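Put together the whole structure using the sequences plus the hints.
There are 2 protein chains.
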Amino acid sequence: MNISRRRPTIGVFDSGFGGLTVLKALLELIPGADYLYFGDTARLPYGSKSVETVARYAVEAAHYFEAQGAELLVIACNTATALALDRITAAAHVPVVGVVEPGAEAAASVSKNKKVIVVGTEATVSSHAYRKALEARGLDAREKACPLLVPLVEEGWVEHPVTEQVARIYLDEAFADGFREADVLVLGCTHYPLLKPLLRRAVPSHVSIVDSAESTARAVAGRLQKLLPPTPAVHEERRVLPRLKFFATDSVEKFRRLGERFLGHPIDDVQHVDLKE
Amino acid sequence: MNISRRRPTIGVFDSGFGGLTVLKALLELIPGADYLYFGDTARLPYGSKSVETVARYAVEAAHYFEAQGAELLVIACNTATALALDRITAAAHVPVVGVVEPGAEAAASVSKNKKVIVVGTEATVSSHAYRKALEARGLDAREKACPLLVPLVEEGWVEHPVTEQVARIYLDEAFADGFREADVLVLGCTHYPLLKPLLRRAVPSHVSIVDSAESTARAVAGRLQKLLPPTPAVHEERRVLPRLKFFATDSVEKFRRLGERFLGHPIDDVQHVDLKE
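Protein chains in written order, with the numbering used here: chain V, 8 to 284; chain D, 8 to 284.
Think of the hints as simulated: they come from the structure by calculation, not from any bench. Warning: the hint list may mix true and false statements.
The list cannot tell twin chains apart, which means a pair is met if one copy fits it or any two copies do.
As the list claims (entries may be wrong) - In silico lysine-lysine, PhoX-like type, Cα no more than 25 angstroms apart, as pairs:
{"no.": "1", "residue 1": "K203", "residue 2": "K121"}
{"no.": "2", "residue 1": "K261", "residue 2": "K151"}
{"no.": "3", "residue 1": "K31", "residue 2": "K233"}
{"no.": "4", "residue 1": "K261", "residue 2": "K119"}
{"no.": "5", "residue 1": "K31", "residue 2": "K122"}
{"no.": "6", "residue 1": "K261", "residue 2": "K139"}
{"no.": "7", "residue 1": "K151", "residue 2": "K122"}
{"no.": "8", "residue 1": "K252", "residue 2": "K151"}
{"no.": "9", "residue 1": "K233", "residue 2": "K203"}
{"no.": "10", "residue 1": "K31", "residue 2": "K139"}
{"no.": "11", "residue 1": "K122", "residue 2": "K261"}
{"no.": "12", "residue 1": "K233", "residue 2": "K119"}
{"no.": "13", "residue 1": "K31", "residue 2": "K119"}
{"no.": "14", "residue 1": "K233", "residue 2": "K151"}
Remember, it's a predicted structure, so these values are computed and weren't measured experimentally.
Written out as structure tokens, the structure is:
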């Protein structure tokens, strides 16, 4: 039996760096895999762009991944998932996992009051992808756009009083009126896991925080079990280190520097990619 | 004499909305012209991107403008000017005016201490385009990247206490040590004119604020006088309303909505443009 067949190649796609929080969760849960990470940094952020633009970019990236041998695609970007998962799935020849469904599923499993707040970018919120996914599970959802949180994370102000103030302004607006008793906060943007300790302090103590990066990693593990049923050899492989390869459409140097903050460990093998523009 | 020859067509280019502050200054100074405004909103912001990427985008836009009949190009984006003015000028067949030289010229004319602070995006600051332009005029310059100010302006928080706090953090770092006696603050980003009242309060009272949008409009007026020497008919034309046409690479609706805030009056004729990507 060819051992390389049991080592899946997983393509992880994001507009930039945020998806590295999903990759981090994947590495913890599924270390015995080869990962290709694609950050479309020349065209980030997607959060403020239209559905047509985001869909076009994401489908291009999906095709690039397939050409590189990816057997499963993770759309590690809430905006791309919210706006373009259908189109990516239709255009791809391998299974595609987005971040919205796993996040909604996790929220549904922990919410007692059936009232949930979702925070994300402007584009993710406008798409109402989370609200639809949560309502389909019988939950009431309020979505709140927090456009300043991504730039604050990228400035490195993850424990800064200004960030806490901004977060409180957004969250006070979200947890108001009919949603005072909401008991789950879904982090609907892959940048936000870096703010988890700060957000923990800013929400009422009865609120659970659902990190869609972690939920997505669990969904990917489940999908892989169906694709590649575990064999005794797989368990041995768990001790093997994952192999990582990074692709960025803008500066490789900047990707390395900023990316390490999101991934939590050094990034070496970054390759510059020019899409067809 | 053909009157349309005396009505120049001016192409104004920016990555998004900020360049509308330059267009606003142009409309006040040169109302008797036809303006084409191009906002590359599908690929904004340029401020965090590399020189190669920004140069490629800006040259594409320059060619688009020429095809539309522009006789003079204004690069109303500090990042594109700082990173790519040489390449745009080389690739264009009509005169090109950037925002850096006019801003530096204005700073040199008002600074008594010959010490200047320039605030801008990360990419503009890293290019040191302002420092070079100011040093060439015998001034000492310190450049300070303020990556949070653009998202704060786009959030509409132009008079918000959080924005004032962020501005004070950046400016305190800038006006420190050897630059306590700096007497000019150059707004090296076309979003910042919207923050002028707030920045006025955040800098020491002896500091003059140079708005490169206004300086650029004056430079364009000077260039036009050479290209199209004034005739008596031109003065009559000053009472004629300018004609405006807008092009955006992302959502037209969003351009209209956000753009009005920057331009200060309604935006009607917006056309969607797909560049060759």
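Results of checking the hints against the structure:
Only within a single protomer do K203 and K121 lie at most 25 angstroms apart by alpha-carbon distance; the minimum there is 22 angstroms, versus 46 angstroms between protomers. For a Cα distance limit of 25 angstroms, the shortest separation of K261 from K151 across copies, 18 angstroms, qualifies, whereas the shortest one inside one copy, 30 angstroms, does not. In this assembly of identical chains, K31 and K233 lie within 25 angstroms of each other by CA distance solely inside one copy; the values are 22 angstroms within and 59 angstroms between copies. In this assembly of identical chains, the alpha carbons of K261 and K119 never lie at most 25 angstroms apart, being 43 angstroms within a copy and 38 angstroms across copies at closest.
Taking the shortest alpha-carbon separations for K31 and K122, neither the intra-copy value of 29 angstroms nor the inter-copy value of 46 angstroms comes in at or below 25 angstroms. For the homomeric pair K261 and K139, the shortest alpha-carbon distance between copies (23 angstroms) is at most 25 angstroms, but the shortest distance inside one copy (36 angstroms) is not. Only within a single protomer do K151 and K122 lie at most 25 angstroms apart by alpha-carbon distance; the minimum there is 14 angstroms, versus 44 angstroms between protomers. Taking CA atoms no more than 25 angstroms apart as the test, K252 paired with K151 passes in neither setting, with 34 angstroms inside one copy and 34 angstroms between copies.
Proximity of K233 and K203 under a CA criterion of 25 angstroms is satisfied in neither setting, with 32 angstroms inside one chain copy and 59 angstroms between copies. In this homomeric assembly, K31 and K139 never come within 25 angstroms of each other (Cα to Cα): the closest approach is 27 angstroms inside a single copy and 42 angstroms across copies. For a Cα distance limit of 25 angstroms, the shortest separation of K122 from K261 qualifies neither inside one copy, at 40 angstroms, nor across copies, at 30 angstroms. In this homomeric assembly, K233 and K119 never come within 25 angstroms of each other (Cα to Cα): the closest approach is 31 angstroms inside a single copy and 73 angstroms across copies.
In the homo-oligomer, the alpha carbons of K31 and K119 never lie at most 25 angstroms apart, since the shortest distance is 29 angstroms inside one protomer and 53 angstroms across protomers. Within a single copy, K233 and K151 get their C-alpha atoms no closer than 35 angstroms, and across copies no closer than 53 angstroms, so neither meets the 25 angstroms cut-off.
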